[in-house]
Amino acid sequence: MRIVIAGTGITVYFLAKRFTSKGYSVSIISDNLPDSEYYTKNLKALVINGKFSDPELLTQAQAHSAEIFIGMTSRDQDNLVLCQMAKEFYEIPRILAVVNDPDNEEVFSKIGIRAISNCRFLIETIENMSDLDKIKQQISVVEGKVIITEMEISADARVVGKSLSQIPIPMSVLITTIVRGEDVIIPQGSTVIEAKDRLLILCLPDNQSIALRIFA
Amino acid sequence: MKEKYIIIIGCGTFGSTLANRLSSAGHSLVVIDQQEASFKNLGDEYSGFIIHGDANEFLIISQAKVDKADIVLALTDDDNLNIMLSQICTKLYNVPRVVARVNNPSSSSVFSKLGIETICPALLGCDALEKSLDDALQAGAGK
Numbered sequence: 086m087r088i089v090i091a092g093t094g095i096t097v098y099f100l101a102k103r104f105t106s107k108g109y110s111v112s113i114i115s116d117n118l119p120d121s122e123y124y125t126k127n128l129k130a131l132v133i134n135g136k137f138s139d140p141e142l143l144t145q146a147q148a149h150s151a152e153i154f155i156g157m158t159s160r161d162q163d164n165l166v167l168c169q170m171a172k173e174f175y176e177i178p179r180i181l182a183v184v185n186d187p188d189n190e191e192v193f194s195k196i197g198i199r200a201i202s203n204c205r206f207l208i209e210t211i212e213n214m215s216d217l218d219k220i221k222q223q224i225s226v227v228e229g230k231v232i233i234t235e236m237e238i239s240a241d242a243r244v245v246g247k248s249l250s251q252i253p254i255p256m257s258v259l260i261t262t263i264v265r266g267e268d269v270i271i272p273q274g275s276t277v278i279e280a281k282d283r284l285l286i287l288c289l290p291d292n293q294s295i296a297l298r299i300f301a
Numbered sequence: 002m003k004e005k006y007i008i009i010i011g012c013g014t015f016g017s018t019l020a021n022r023l024s025s026a027g028h029s030l031v032v033i034d035q036q037e038a039s040f041k042n043l044g045d046e047y048s049g050f051i052i053h054g055d056a057n058e059f060l061i062i063s064q065a066k067v068d069k070a071d072i073v074l075a076l077t078d079d080d081n082l083n084i085m086l087s088q089i090c091t092k093l094y095n096v097p098r099v100v101a102r103v104n105n106p107s108s109s110s111v112f113s114k115l116g117i118e119t120i121c122p123a124l125l126g127c128d129a130l131e132k133s134l135d136d137a138l139q140a141g142a143g144k
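Protein sequence lines, in the order shown, are assigned to chains W and Z. Going by the working numbering, the first residue of the first sequence is number 86, and it counts up by one from there. Going by the working numbering, the first residue of the second sequence is number 2, and it counts up by one from there.
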């Protein structure tokens, strides 16, 4: 299976290295000559050097036979056009843009290109650092509009021994699952929280701190 | 003629000349450019607004009240940026008329595949020049 990556920098190198070691065929399109030379020397990948605005590059990168295309250049306009060309001209089935401006995550998806933002991920992580000890895992879905948080209830938490209906939980925060030891419980209002319960909480990013305050 | 709200992105020679004309004709204009010096190209007859910023940043575009625009012209020297801006204006803001400048004639296939209305100054220039040289070219053929 061939993966085509458009971009430059060290992240592209590590990404390509992982994929080649997993047995994928990798093509890299880069507009930076020193980076291209470094990739050629250190990777088992097909490296194409040229301007991102040149439609021929994708053909040279064997985009016709590729199954995955990743647009991760430092310019979002190049990412969009490369991804759209990969989709419309080369009919690559799976396409992902790694956008620089976090706002473009939503913009791209409305134009029909799936996009993720490293910047948004960093912002979320940094903002939640103070709460990180309590959070076991956190997943963003729907372009970051919804967050699923996994947190463990400590023994001294206020909510221990209370049923969900006794706890003032806003409508925008949903307790979807409680993991208690080996058991997976889909909670109801009458479900009582115990210490060491692991909660899967579904909420909007803005309400995550409210959820943490209630259950921490 | 009804007055229109027109946004021009890219205030080089092309963008500024057009902005001056349309402003003189009584339309409301906003011109966006990332280089402040470019706005010097706008003459005294220009009475619209200017926004200094990189049109690549989504926030800058939304500042221009794109949702209210009758016409958006993406005239920067960056073809991929023009493609992106055209699609944002058409698909996100439902702007009724969007035209993008094609700098490199070879990228026009990408524009047309994506259904973007374009203008290519290089090709228009060639056509015009060829036509004006028509007599000379014909006469030359006899030599």
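In case anyone wonders, no lab produced these hints; they're calculated from the structure. All figures in this text were calculated on a predicted structure; none of them were measured in a lab. Glycine residues also receive a C-beta, built at the ideal position from the N, C-alpha and C atoms. Keep in mind that a hint or two might mislead.
Straight-line alpha carbon distances no greater than 30 Å define the calculated DSSO-like cross-link-like pairs of lysine-lysine that follow [what the hints assert, rightly or not]:
#, chain 1, residue 1, chain 2, residue 2
1, Z, Lys69, W, Lys195
2, W, Lys102, W, Lys221
3, W, Lys281, W, Lys221
4, W, Lys102, W, Lys172
5, W, Lys136, Z, Lys114
6, W, Lys221, W, Lys247
7, W, Lys195, W, Lys136
8, Z, Lys66, Z, Lys114
9, W, Lys107, W, Lys129
10, Z, Lys132, Z, Lys3
11, W, Lys129, W, Lys102
12, Z, Lys92, W, Lys195
13, Z, Lys114, Z, Lys132
14, Z, Lys92, Z, Lys5
15, Z, Lys69, Z, Lys3
16, W, Lys102, W, Lys126
17, Z, Lys92, W, Lys230
18, W, Lys136, W, Lys126
19, Z, Lys66, Z, Lys3
20, Z, Lys3, Z, Lys41
21, W, Lys247, W, Lys195
22, Z, Lys5, W, Lys195
23, W, Lys230, W, Lys195
24, W, Lys126, W, Lys107
25, W, Lys230, Z, Lys66
26, W, Lys172, Z, Lys132
27, W, Lys102, W, Lys136
28, W, Lys230, Z, Lys69
29, Z, Lys132, Z, Lys5
30, Z, Lys41, W, Lys195
31, Z, Lys132, Z, Lys92
32, Z, Lys5, Z, Lys66
33, W, Lys195, Z, Lys114
34, Z, Lys3, W, Lys136
35, Z, Lys3, W, Lys172
36, Z, Lys114, Z, Lys69
Quick partial rundown of chain Z residues pointing at chain W, CB under 8 Å, derived from the structure [unchecked claim]:
#, residue
37, Phe59
38, Leu60
39, Gln64
40, Asn81
Here is how each hint holds up against the structure:
1. Z/Lys69 with W/Lys195: holds (19 Å)
2. W/Lys102 with W/Lys221: holds (29 Å)
3. W/Lys281 with W/Lys221: holds (12 Å)
4. W/Lys102 with W/Lys172: Given pair lysine 102 of chain W, lysine 172 of chain W holds - Cα atoms ~24 Å apart, limit 30 Å.
5. W/Lys136 with Z/Lys114: holds (20 Å)
6. W/Lys221 with W/Lys247: holds (22 Å)
7. W/Lys195 with W/Lys136: holds (26 Å)
8. Z/Lys66 with Z/Lys114: holds (28 Å)
9. W/Lys107 with W/Lys129: holds (12 Å)
10. Z/Lys132 with Z/Lys3: violated (34 Å)
11. W/Lys129 with W/Lys102: holds (8 Å)
12. Z/Lys92 with W/Lys195: holds (7 Å)
13. Z/Lys114 with Z/Lys132: holds (29 Å)
14. Z/Lys92 with Z/Lys5: Roughly 20 Å separates the two Cα atoms, so the pair holds.
15. Z/Lys69 with Z/Lys3: holds (15 Å)
16. W/Lys102 with W/Lys126: Holds, because 12 Å separates the two Cα atoms, which is no more than 30 Å.
17. Z/Lys92 with W/Lys230: Given pair lysine 92 of chain Z, lysine 230 of chain W holds - Cα atoms ~20 Å apart, limit 30 Å.
18. W/Lys136 with W/Lys126: holds (20 Å)
19. Z/Lys66 with Z/Lys3: OK: lysine 66 of chain Z and lysine 3 of chain Z at ~19 Å, within 30 Å.
20. Z/Lys3 with Z/Lys41: Since the Cα atoms of lysine 3 of chain Z and lysine 41 of chain Z sit roughly 28 Å apart, the hinted pair holds (cutoff 30 Å).
21. W/Lys247 with W/Lys195: Not OK: lysine 247 of chain W and lysine 195 of chain W at ~43 Å, beyond 30 Å, violated.
22. Z/Lys5 with W/Lys195: With a Cα-Cα distance of about 27 Å, the restraint between lysine 5 of chain Z and lysine 195 of chain W holds, given a limit of 30 Å.
23. W/Lys230 with W/Lys195: holds (14 Å)
24. W/Lys126 with W/Lys107: holds (19 Å)
25. W/Lys230 with Z/Lys66: holds (24 Å)
26. W/Lys172 with Z/Lys132: Violated: lysine 172 of chain W and lysine 132 of chain Z sit about 39 Å apart, past 30 Å.
27. W/Lys102 with W/Lys136: holds (23 Å)
28. W/Lys230 with Z/Lys69: holds (26 Å)
29. Z/Lys132 with Z/Lys5: violated (33 Å)
30. Z/Lys41 with W/Lys195: violated (36 Å)
31. Z/Lys132 with Z/Lys92: With Cα atoms ~37 Å apart, lysine 132 of chain Z and lysine 92 of chain Z exceed 30 Å; violated.
32. Z/Lys5 with Z/Lys66: Holds: lysine 5 of chain Z and lysine 66 of chain Z sit about 13 Å apart, inside 30 Å.
33. W/Lys195 with Z/Lys114: holds (18 Å)
34. Z/Lys3 with W/Lys136: violated (43 Å)
35. Z/Lys3 with W/Lys172: Violated - the C-alpha atoms of lysine 172 of chain W and lysine 3 of chain Z are around 40 Å apart, more than 30 Å.
36. Z/Lys114 with Z/Lys69: Holds, at about 27 Å.
37. Phe59: With Cβ-Cβ at 4 Å, under 8 Å, it holds.
38. Leu60: holds (7 Å)
39. Gln64: violated (12 Å)
40. Asn81: Where the cut-off is 8 Å and the nearest Cβ of chain W is about 4 Å from asparagine 81 of chain Z, the hint holds.
Hint compliance for this structure: hints 10, 21, 26, 29, 30, 31, 34, 35 and 39 are broken, all remaining hints hold.
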